[in-house]
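K.L.:
One line per chain: the protein sequences are L and E, in this order.
Position 89 (the first sequence) corresponds to 89 in the numbering used here; numbering is contiguous.
Position 1 (the second sequence) corresponds to 1001 in the numbering used here; numbering is contiguous.
Derived from the structure by calculation, the hints contain no laboratory data.
Using N, Cα and C, we set each Cβ at its ideal position, and we do this for glycine too.
Some hints here could point you the wrong way.
Quick look at which bits of chain L chain E covers, simulated, 3 or more residues with Cβ under 8 Å [to be verified]:
no., region
1, 279-285
2, 302-314
Each computed DSS-like pair below joins lysine-lysine, with the alpha-carbon atoms no more than 25 Å apart [stated by the list, open to error]:
no., chain 1, residue 1, chain 2, residue 2
3, E, K1255, E, K1316
4, E, K1316, E, K1252
5, L, K44, E, K1314
6, E, K1316, L, K111
7, L, K316, L, K104
8, L, K327, E, K1044
9, L, K316, E, K1044
10, L, K111, E, K1089
Chain by chain, the residues:
Number of protein chains: 2
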Amino acid sequence: MARVYNFSAGPATMPVPVLEEIKEELLDYKGSGMSVMEMSHRSKVFQTILEEAEQDLRDLMNIPDNYKVLFIQGGATLQFAMLPINLKKNGVFDYIVTGQWSKKAAEEAKKFGKVNIVATSKDKNFSYIPDCSDLPIDDDADYVYICENETVHGTTFQTLPNTKGKILVSDQSSMFLSKPVNVSDYGVIYGGVQKNVGPAGLAIVIIREDLINENLDESVPTYLRYDIHAKNDSLYNTPNCWAIYVCGKVFKYLKSIGGLEKMAEINKEKAKILYDFLDESKLFKGTVDPSVRSLMNVPFITGSDEKDADVVAKTKAAGFENLKGHKSVGGLRASIYNAMPKEGVEALVEFLKKYEKENA
Amino acid sequence: MARVYNFSAGPATMPVPVLEEIKEELLDYKGSGMSVMEMSHRSKVFQTILEEAEQDLRDLMNIPDNYKVLFIQGGATLQFAMLPINLKKNGVFDYIVTGQWSKKAAEEAKKFGKVNIVATSKDKNFSYIPDCSDLPIDDDADYVYICENETVHGTTFQTLPNTKGKILVSDQSSMFLSKPVNVSDYGVIYGGVQKNVGPAGLAIVIIREDLINENLDESVPTYLRYDIHAKNDSLYNTPNCWAIYVCGKVFKYLKSIGGLEKMAEINKEKAKILYDFLDESKLFKGTVDPSVRSLMNVPFITGSDEKDADVVAKTKAAGFENLKGHKSVGGLRASIYNAMPKEGVEALVEFLKKYEKENA
């Protein structure tokens, strides 16, 4: 068995020790005589898996007691609709648009109310984060929305926007569990787990309890109601049990290596190796404002589409997978999530250095 | 490793050869150097998994070319809403209510239009299937809805209702792939896969192309639109890749053992062993009209709640899991899906016979 270095933006690489445990338990989970895939979601053995997953996440993120943790199918895409539907009071939603994902979220929200784009970095192809210290927040805004790390464009908010007292909603999909965050700063944090945690098919929604509306319009589909998921502890219907199990393993793994403080340290160190190289290179350069560089998604270009394609092909041949950049940015993108080992980043930089030398 | 006989109603037992293959491929799928959980859903390797899964399902069910196959998250619960939302023309929906699941579906549909209950077996706790040969189908009905096999109550439609020309929509969750069906008889067949196929978190929707409405109201959440899933071949957003992969393996397995004709034969044989015992037993008896007995879900009782509980406890101690009946029926329920081996049913009957003798 030869594992590759997988730089996919999501679904993405996972910790090998977690995969090995899963493999070991595949036909018989801890003496239950069955696979987790075969377990009734109402059985005691699965209940324990679910409860431990939630508790470990609470420990990792230091989630206050007045926040609910929900495990919901449909990915971030379904959340783009569930958020405005469930948080709607005045029907006014303020969005900060800093890339593809916040743009998509804002477009979906228009179905359910008035959307104000209170700031955007669209003018420079989303290569920076606008100053969000004094935005024209609507007095009636039900919330202010950000995508805190833009997967495609490779930017991260360094400080949270000043929402002028309004609720902050943050899509953390591509930075989920990459560093400590102060949950109390947010009304809702959510993320699709398939980038930085586990297998696709699950979004985790961390929502302040008082924001869960039980008096939604009768016409809202039951599955789209946070209050239904909350009241039933994510077991209103059969959840994505497998993804919850795998994410639970990743949570335990992160605790075992020292939690999110340690993870943030490792992530900074890994990203620095790549960014330092890009800053020194005469061939490759990063595409975003250095002050808001993502520690997770690193887009870079040579300046020539032909050369970009050549690098992608040669890295692939050398065992570095999924380095092709998103079509809206071009070039290359290395997603170096939690589970990407430092050795993977070092090997990539080594390879790119060699390529640069040979193609000087 | 000791495997139990798992009679869970869902998530449920899976074929051991499939689980073994998955285990083998867990860290390195066919030389890709990664787990299926880590693969970009846009990568060639995953595209092949998705395409083969669809093709194998088409082969197994003999799905005509004018039907689309969609892989959607959210389970049958989300379909309860998506069906009326997407099939709405006149806003009139006719439901046949034969148990818990068709009842839930009908309740959800009320959010989106007028629901007529055109037949029901509620008067006898859903223990039979009403005569559906001449129902008061509404002239304006957008469709007629059935749950073809009721998981909780253990009944199956033996003949399809006369819909008087209206579209038939069938929830086949707990009988999906248990026998051949004539897809052309239906407008939509759908099922949550976690009962008779694979892991939870995926519904498969087989829909006649002309029923896919592209002119839905702007206010419909994007994720809830069949046209969006259809246009994007189930890749509008990241799907439940893992469940698609596992279901694909089950499809190949079913083909390898002789397809749905063979599966139906095996299922009949297995169910007969259990029903023959129940018909002969002086202690245990089935709870439904023998003419509509499910081959998948077999509820039975002793007539004493105390004795029922004792049997459940003793079977569990003997390695037969999840035999407790649903609270609305009581007693016991053996779900004997495709993957339950004949030996499991035989062993259970043996055990029940012994129990009966010892407690005569």
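K.L.:
Would you mind marking each hint as holding or not holding in the structure?
P.N.:
Okay, the hints, checked on the actual structure:
1. Proximity of the region 279-285 of chain L to chain E, defined as three or more residues with a beta carbon under 8 Å from a beta carbon of that chain, is not established by the 0 residues found.
2. Judged by the Cβ-Cβ criterion of 8 Å, the region 302-314 of chain L is not covered by chain E as claimed, because only 0 of its residues qualify and three are needed.
3. At most 25 Å may separate the alpha-carbon atoms for a hinted pair to count; K1255/E and K1316/E exceed this at roughly 33 Å.
4. For the hint linking K1316/E to K1252/E, the alpha-carbon distance of about 32 Å lies beyond 25 Å, and the restraint is violated.
5. Taking the CA atoms of K44/L and K1314/E, the gap is about 17 Å. The hint holds against a cut of 25 Å.
6. Of the pairs offered as hints, the one joining K1316/E and K111/L is violated, with about 51 Å between alpha carbons and a cut-off of 25 Å exceeded.
7. Simply put, K316/L and K104/L have alpha-carbon atoms about 30 Å apart, too far for the 25 Å limit, and the pair is violated.
8. The hinted pair formed by K327/L and K1044/E meets the criterion: a straight-line CA distance of about 17 Å does not exceed 25 Å.
9. Simply put, K316/L and K1044/E have alpha-carbon atoms about 13 Å apart, close enough for the 25 Å limit, and the pair holds.
10. About 20 Å separates the Cα atoms of K111/L and K1089/E, which keeps this hinted pair within 25 Å; it holds.
Hint compliance for this structure: hints 1, 2, 3, 4, 6 and 7 are broken, all remaining hints hold.
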